[in-house]
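Kindly produce the complete structure, drawing on both the sequences and the hints.
The sequence shown: position 587 = 587 (the UniProt record's numbering), numbered continuously.
A portion of the hints provided could be inaccurate.
To be verified - In silico EDC-like pairs for lysine to aspartate or glutamate, Cα to Cα no more than 20 Å straight-line:
(1) K569 with D489
(2) K333 with D514
(3) K553 with E521
(4) K606 with E222
(5) K553 with D542
(6) K333 with D295
(7) K569 with D603
(8) K320 with D295
(9) K569 with E521
(10) K569 with D542
(11) K320 with E222
Calculated directly from the structure, the hints in this document are not laboratory data.
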Amino acid sequence: MRLTTAQALVRWLVAQRTELLDGTEAPLFPAVYAIFGHGNVLSIGAALEEYRDRIPVWRGHTEQGMALAAVGYAKATHRRQVGVATSSIGPGALNMVTAAGVANANRLPLLLLPGDTFVNRAPDPVLQQIEPFGDATVSVNDAFRPVSRYFDRITRPEQLIATLPQVARVLTDPGECGPVTLALPQDVQAEAFDFPESLFEPVEHHVLRPRPDRRSVGRAAEVIRAGERPLLVLGGGVRYSGAGQTAIEFAERHNVPVVETTAGRTLVPHSHPLHAGPLGITGSASANALAAEADVVIAVGTRLQDFTTASWSVFSPDVKLVTINAARFDAVKHGAVAVVADAREGLEELPLIDWYAPEAWSSRASAELAKWDEHISGLRSAGGSLPTYAEVVGVVNDLSGPEDYVMTASGGLPGELIGGWRATGESTMDVEYGFSCMGYEIAGAWGATMARPQGVVTTLLGDGSYLMLNSELFSAAFAGHGFVAVVCDNDGYAVIDRLQRGQGGAGFNNMYPDVRSRLPEPPRVDFATHAAGLGCAVLVADSVADLRAAYPKAREHARSGVPAVVVIKTHPSSWTEAGAWWEIGVPQVSHRPEIDAARDELDEAKARQLRYLHP
Numbered sequence: 001m002r003l004t005t006a007q008a009l010v011r012w013l014v015a016q017r018t019e020l021l022d023g024t025e026a027p028l029f030p031a032v033y034a035i036f037g038h039g040n041v042l043s044i045g046a047a048l049e050e051y052r053d054r055i056p057v058w059r060g061h062t063e064q065g066m067a068l069a070a071v072g073y074a075k076a077t078h079r080r081q082v083g084v085a086t087s088s089i090g091p092g093a094l095n096m097v098t099a100a101g102v103a104n105a106n107r108l109p110l111l112l113l114p115g116d117t118f119v120n121r122a123p124d125p126v127l128q129q130i131e132p133f134g135d136a137t138v139s140v141n142d143a144f145r146p147v148s149r150y151f152d153r154i155t156r157p158e159q160l161i162a163t164l165p166q167v168a169r170v171l172t173d174p175g176e177c178g179p180v181t182l183a184l185p186q187d188v189q190a191e192a193f194d195f196p197e198s199l200f201e202p203v204e205h206h207v208l209r210p211r212p213d214r215r216s217v218g219r220a221a222e223v224i225r226a227g228e229r230p231l232l233v234l235g236g237g238v239r240y241s242g243a244g245q246t247a248i249e250f251a252e253r254h255n256v257p258v259v260e261t262t263a264g265r266t267l268v269p270h271s272h273p274l275h276a277g278p279l280g281i282t283g284s285a286s287a288n289a290l291a292a293e294a295d296v297v298i299a300v301g302t303r304l305q306d307f308t309t310a311s312w313s314v315f316s317p318d319v320k321l322v323t324i325n326a327a328r329f330d331a332v333k334h335g336a337v338a339v340v341a342d343a344r345e346g347l348e349e350l351p352l353i354d355w356y357a358p359e360a361w362s363s364r365a366s367a368e369l370a371k372w373d374e375h376i377s378g379l380r381s382a383g384g385s386l387p388t389y390a391e392v393v394g395v396v397n398d399l400s401g402p403e404d405y406v407m408t409a410s411g412g413l414p415g416e417l418i419g420g421w422r423a424t425g426e427s428t429m430d431v432e433y434g435f436s437c438m439g440y441e442i443a444g445a446w447g448a449t450m451a452r453p454q455g456v457v458t459t460l461l462g463d464g465s466y467l468m469l470n471s472e473l474f475s476a477a478f479a480g481h482g483f484v485a486v487v488c489d490n491d492g493y494a495v496i497d498r499l500q501r502g503q504g505g506a507g508f509n510n511m512y513p514d515v516r517s518r519l520p521e522p523p524r525v526d527f528a529t530h531a532a533g534l535g536c537a538v539l540v541a542d543s544v545a546d547l548r549a550a551y552p553k554a555r556e557h558a559r560s561g562v563p564a565v566v567v568i569k570t571h572p573s574s575w576t577e578a579g580a581w582w583e584i585g586v587p588q589v590s591h592r593p594e595i596d597a598a599r600d601e602l603d604e605a606k607a608r609q610l611r612y613l614h615p
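Written out as structure tokens, the structure is:
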């Protein structure tokens, strides 16, 4: 078939199918997010227009935002479908690098198609082209290399024949999953080639479930059997495997307490008797209490990020670590006894017949979680002059159902949502805390809404994130994709101010009263007017009672296809605390005695941390 490079690429995208977790078939690439410009409008744009009835194209308003929407789409489909984003050359392409970082850190599939400069170099230098003095082969798209799982620059049309199977491999492999970047020089996009018809035959990509090595599960079982206080830690890999029920059955079969990581939140029903809550700094005191006493930790589908491990201070120095992970890179971390396997297959093949954790230990889960629930209930009914994050989360939680989906990404809300949410449905939370990208909250919600026709998507964000990236509110409003955005205005970057002051620093450049201005009374943003101007339904809440009345109305707008923004002033320094430590770079020398004192505390904590790292 004689096709241009661009036509061949789009035709291949259309031919790829996927098996969803429920066994049904769907497009592997269900949506393309595009901002056309110099370098992608004429060839990629023309090819997408030709196939517009077979692969929908959605217009974004920032390249970063539309690529983050593609990430949100992938997370909402548990990595079974992949969003595509295409941009012009130069600044348009570079705007997508942050989204690639988000997908990379979170192990999520994303296909990026940035336009690139001419291979023939005849018109060089062209508009938006950089010219590295020492390497003529480099363009801005090389910035994608460190944040891509797979990178290729297509300099000949026929290269697609070898490259496209590798693209599909990385996007669908549970161990290597992450962003793929195909840099597309605009002259090569337009070149034609006689492609084999077989390249465009439909292919259904099935869920890969690598089984573990027998010796690995044998060694892991020996370690687990030797323990008296085991703890099961469930991460995002359990979600993407569809192994949530398998993990719960494993815990029930062996009477093992269960905790969740950030990416694993809402895998376990909140009221399950073996559930001890979320683990780590932004988790719960209940899960952390069990982690501190556990003598063996079975970590499934998690890369054990520092917020999960509290910078490796949440566990006992004597703990034995067993990991089950589809990615060998993550499985072998921290000297763990590694089982490289799909989460479901790994749990099912552990030879642990007739092994059970002691009842005295497992009963601690519900006892500790009950104390944490009592604490959260108290925070949810604080009744101060300004609503707190905990109160806001409580209202949204109370009025959400098992089909609804809740999101956040940055600032103080991850700690409130991870630690305070009581799960009403399985895998119904997306806290982007691998990269913690400000602005993901709105863009990711747009993508998640497209992927989840059932239920209502609600995203919670602060005023800082709203100002960082709000343009996809208009994208969603224009497209008719309704979700709820609860904007908590606390007058600045409050969580960073908390970190700054908590480590002895002076308030500086975070809260608006501490930000330099030449004006005696600098302006503040009218979020309600702004959101209305972007085509959203807007509701303003001045109290928790107002929010309880406004949120159901916002949900109705979302169901009708209109994004609804609820604006509420929130307390700037009321937080949910899980009681865990986090390593942060406190200066060794300072002009402030408060910082010197914070450094002394850090050094003491580091000594405890090192006892774990070097027992």
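Verification of the supplied hints:
Under the criterion of a C-alpha separation no larger than 20 Å, the hint pairing K569 with D489 is consistent with the structure, at around 5 Å. Straight-line distance between C-alpha atoms of K333 and D514 comes to about 41 Å, which puts the hinted pair past the 20 Å bound. Between K553 and E521 the alpha-carbon distance is near 35 Å, which puts this suggested pair outside the 20 Å criterion. As the CA atoms of K606 and E222 are separated by approximately 31 Å, the hinted pair breaks the 20 Å bound.
With a C-alpha separation of about 15 Å, the suggested pairing of K553 with D542 holds against the 20 Å cut-off. For the suggested pair K333 and D295, the alpha carbons sit about 18 Å apart, so the restraint of at most 20 Å is met. Proposed proximity of K569 and D603 is contradicted: the alpha carbons are some 38 Å apart, above 20 Å. For the proposed pair K320 and D295, the alpha carbon gap of about 6 Å is at most 20 Å, so the pair holds.
Distance hint between K569 and E521 is fulfilled; the C-alpha atoms sit about 19 Å from each other, no more than 20 Å. A C-alpha spacing of about 7 Å is found between K569 and D542, which places the hinted pair at or below 20 Å, so the restraint holds. With a C-alpha separation of about 11 Å, the suggested pair K320 and E222 falls inside the 20 Å cut-off, and the hint holds.
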